[in-house]
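Visitor: Listed below, chain by chain, are the residues.
Protein chains: 2
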Amino acid sequence: MALRFADPAPNAYGYPLLIRQLLQSALDARSGREIVGSDGRRHGYEALAHRVGRLAAVLAAHGVDQGDVVAVMDWDSHRYLEAYFAVPMMGAMLQTVNVRLSRDQIAYTLKDTQPRAMIVHADFVEDLQALRPAIEPDCVIITCHDGQPASLDDAVGDYEQLLSAGAETFAFVDFDENALATTFHTTGTTGMPKAVTFSHRQLVLHTLAVGFAMGQQPDNQGLGRESVYMPITPMFHVHAWGLPYLATLLGLKQVYPGRYVPARLLALQREEGVTYSHCVPTILQMLLDEAGPDAWLGPWTIIIGGSALPATLLRAAAARGIIAVAGYGMSETGPVLTLSRHENDDSRPGETVRRWAGRPIPLVQIRLHDDNGEDVSGAANEQGEIVVRAPWLTQAYPNSAAASAALWAGGWLHTQDVASRETHGDIVIRDRLKDVIKTGGEWVSSAEIEDLALQDPDIAEAAVVGAPDPRWGERPVLFAVPRPGRTPRLQTLKDRMSPLVAAGHLSRWAAPDRLILIDALPRTSVGKIDKKQLRLRLGDDVLDSGRGAS
Amino acid sequence: MALRFADPAPNAYGYPLLIRQLLQSALDARSGREIVGSDGRRHGYEALAHRVGRLAAVLAAHGVDQGDVVAVMDWDSHRYLEAYFAVPMMGAMLQTVNVRLSRDQIAYTLKDTQPRAMIVHADFVEDLQALRPAIEPDCVIITCHDGQPASLDDAVGDYEQLLSAGAETFAFVDFDENALATTFHTTGTTGMPKAVTFSHRQLVLHTLAVGFAMGQQPDNQGLGRESVYMPITPMFHVHAWGLPYLATLLGLKQVYPGRYVPARLLALQREEGVTYSHCVPTILQMLLDEAGPDAWLGPWTIIIGGSALPATLLRAAAARGIIAVAGYGMSETGPVLTLSRHENDDSRPGETVRRWAGRPIPLVQIRLHDDNGEDVSGAANEQGEIVVRAPWLTQAYPNSAAASAALWAGGWLHTQDVASRETHGDIVIRDRLKDVIKTGGEWVSSAEIEDLALQDPDIAEAAVVGAPDPRWGERPVLFAVPRPGRTPRLQTLKDRMSPLVAAGHLSRWAAPDRLILIDALPRTSVGKIDKKQLRLRLGDDVLDSGRGAS
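First to last, the sequence lines map onto chains R and C.
Going by UniProt numbering, 214 is the number at position 214 of the first sequence; the sequence numbering is gapless.
Going by UniProt numbering, 327 is the number at position 327 of the second sequence; the sequence numbering is gapless.
One thing to keep in mind: the hints can contain errors.
Note: identical chains are not told apart, hence a pair may lie in one copy or across any two.
As the list claims (entries may be wrong) - List time: in silico SDA-like cross-link candidates among lysine to any residue, alpha-carbon distance up to 25 angstroms:
1) Lys111 <-> Leu313
2) Lys111 <-> Ala6
3) Lys438 <-> Arg496
4) Lys528 <-> Arg320
5) Lys528 <-> Leu27
6) Lys111 <-> Phe124
7) Lys111 <-> Pro8
8) Lys494 <-> Arg508
9) Lys438 <-> Glu126
10) Lys434 <-> Ala379
11) Lys531 <-> Trp509
Simulated from the structure, these hints should not be mistaken for lab results.
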């Protein structure tokens, strides 16, 4: 026989998974809570829905139709939240422009998407003028501000004035849940930014699964109906991790801080009672510095992503009442794939567990693939590339068939992050795939050796890269910047590694064969160590050395 | 322009929402917890997955194919849990047979679905013999038991023996998420049972949304990773409210009690540390009676559905450490639509709130419709029929176009329950639509008047029905069974109602015009008051009375 399907009544409602349904659920929840705008305004959820309808009406009146792109260049604002809903709800696509890119890169992304309309904060009007050649001549510009109005002759008006001028609202209709809702560009380490897109269905499922997972976190670590939410990750960056959608679905009090100014963020947190945020480690450090050593900021749970959560930062945050918890994901994945947590019945040290990427949220399947695409997830501490399946992953890079095929090699999305899996299922990120050293048939994490090398008081900075080796594939080489007047020795690191190798915590192939002293490590424009440069420096002598790992 | 859609990479994984994905997520969560079987066996989630694969292999070996129906007649068992997964995962449809129906009704449901295979507990083998004429001759019978093996000559074998005999497993494949996964029959008050069906997509979304909502419950009231789950609602009844799917997705310890025996349920709860269950009020009362007045059963959260949660029962449960919380839904709705809760910051009395149906879970839209299909949800205390939209509602009754069209009149699923909405958005069930009295343009809840009438010490039992009235549409009439030696008077009820009418809590049309004393209330076979009989008794004198509500 064949699969069976329902034969729906002609008047049955099929219920597509649309962003509109998230807002409707929020209204039905009648939480009575407020949204605090970046310009100080505050209003309830009925007003939010009203403003979303008005924004869509304004955009439609200026020619925005289904399938059109509406680009936003703004700080984290109540306006951005409104655009998160209004633009996809009218069947258009929201482009969240990364305002931290260079003008050339922004120009590239705007040429790529050809927005029909743009909402531009006063702070970016100057950039906009430089970007004009990249923008279609008939693109409609709406300016906005949080106190200092923009001056732009050919703008059709100011956001708030346009919203309050019109009386009409927009008649939102249902459509296919696979319609694209958002787009933005990833910034890889090479080449121009690549566009990714997400559909209504993907964003609704991401919101449900993240909410499910966060609701399961232990007390004071989860996002719940009592939480007060403030983003400290830019809303142009992967939907601010999807949290504005979730916070709205839950009917939470939401606080939008505008441009990130540490003192203002801290004042808002205190005055509005913010209990839940998310940011990268650098921002958390900045907040702690601003607050000073004696400040108490709790209760405040902050999900940390973007890069690893250092133990020292976690402890410094805890000393100020902040619970920092790691999460993991990337632009192509919506973003959330895993969340860390500390279970109450758990004998493992909570501090360690909270720094791990954690366990997959519902519906996320994670495998760790070795070079041959074999799954090593089953074995404790085996390292492999994280490959994933979930209902909210980017299905392709538009206009880039080769990159798309590589992203989805073997039917799994390749993250290019290398991880191991702890016995309880937690994912621990070890390295970027391109930085992993493949030696003697094993994968050795360069980051792990670097951490050990940095325990040497003679070493100020360290970087480990793989040198090609005809017998072992690759062999690790340590580049080190000596502390003034000191001379690091390779044996110090080897001595530190021996007991770890003996205990099985470290591969026996992990000890570097060579130490190269260097005045300073080469860095990329964003300050990351440039390992490509280091590999170039290894030169032919290493290629020919043929030394074993004995 | 037109809506835009992604152009997926040819090797991208589209991720259909399949029940298989729930089990896969459970495995990846690696909770390390156990499933305790109805026959005393216990095993982990790896073994569950293994047994699910084995069950599918056994069914396939006996000819079960995609689209075939596999019917189960069993108590709440680990086997039932395995069938919840294995049967839909192989593309077949699981029929959960209501073993409490009459043999005639069961025969009707089996004729309706024509199962290709049946899994039948020893306790129902005698029924099965009587049902033979209704079952296709080539239907494969697998027997099962929890200690007393079944004796049935033409069965292909015993469940456990078949599972352990074969070595092979089943290669589950992906398919369309809209494929039907389950079917069972609703038992309305009139006519033969009607089949309802649910698809993979519907069950996955129901599981996610219920988990989301339960994770948002306050401490000790929610379902979380530490919970130990035991169903006390039959697994043939609307997927045991979907909780076995959710408990599995969360990787919980699960306890399957087999046939409900109060002493055994209490022993399992104590010995296995059960903290989370769901049942109807009658079962909760039975458990409290069995436990005795001095027992302490907490912590134990029990979701109550099926009928209203009486305040006395809620208090009696609380005195034994049980937190009883109401939920609302029906066979056609998956079932969960709303969950009650008591928020920490809430000034309302928790006891009252927990008895209400509560607020819609995510993605559920609830409206209250009056006779004209107008929405009265916006007005506090206005009553209307609950009509709903959600992504997991029955789309039609197969083979019943008229009933399907009525179910979905106006594009909303009609529950035939009448409710009001409190200011915080909580739904409060007032009456069944057919029992509501429509008088003077308002809807008056018969249940509400009955509650007030029962406060009269002269009244033992009470029922209120609407008598047709040419001027007012209907007028309430009170039927009362006097307490021995007492003579109830209508004025006593009217006096009790006056201040409530004055305060606006009750419609001014609510006071009955007539009191009819009666020796006993007529009841249906399941013990419900038979209001149809009472309406017949009103006779022509009431029809012609024409009395107003002055």
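Visitor: Does each hint hold? Answer for all of them.
Guide: Now the hints, each set against the structure:
1. Lys111 <-> Leu313: For Lys111 and Leu313, neither the intra-copy (40 angstroms) nor the inter-copy (66 angstroms) Cα distance is at most 25 angstroms.
2. Lys111 <-> Ala6: Close across copies (19 angstroms), not inside one copy (45 angstroms); limit 25 angstroms.
3. Lys438 <-> Arg496: Cα proximity of Lys438 and Arg496: one copy only (21 angstroms, versus 84 angstroms across).
4. Lys528 <-> Arg320: neither (28 angstroms within a copy, 60 angstroms between copies)
5. Lys528 <-> Leu27: neither (44 angstroms within a copy, 37 angstroms between copies)
6. Lys111 <-> Phe124: So Lys111 and Phe124 pass the 25 angstroms test inside one copy only (17 angstroms; across, 70 angstroms).
7. Lys111 <-> Pro8: between (44 angstroms within a copy, 22 angstroms between copies)
8. Lys494 <-> Arg508: within (11 angstroms within a copy, 89 angstroms between copies)
9. Lys438 <-> Glu126: neither (48 angstroms within a copy, 66 angstroms between copies)
10. Lys434 <-> Ala379: within (22 angstroms within a copy, 61 angstroms between copies)
11. Lys531 <-> Trp509: within (20 angstroms within a copy, 82 angstroms between copies)
Going through the hint list in order, the structure does not satisfy hints 1, 4, 5, 9.
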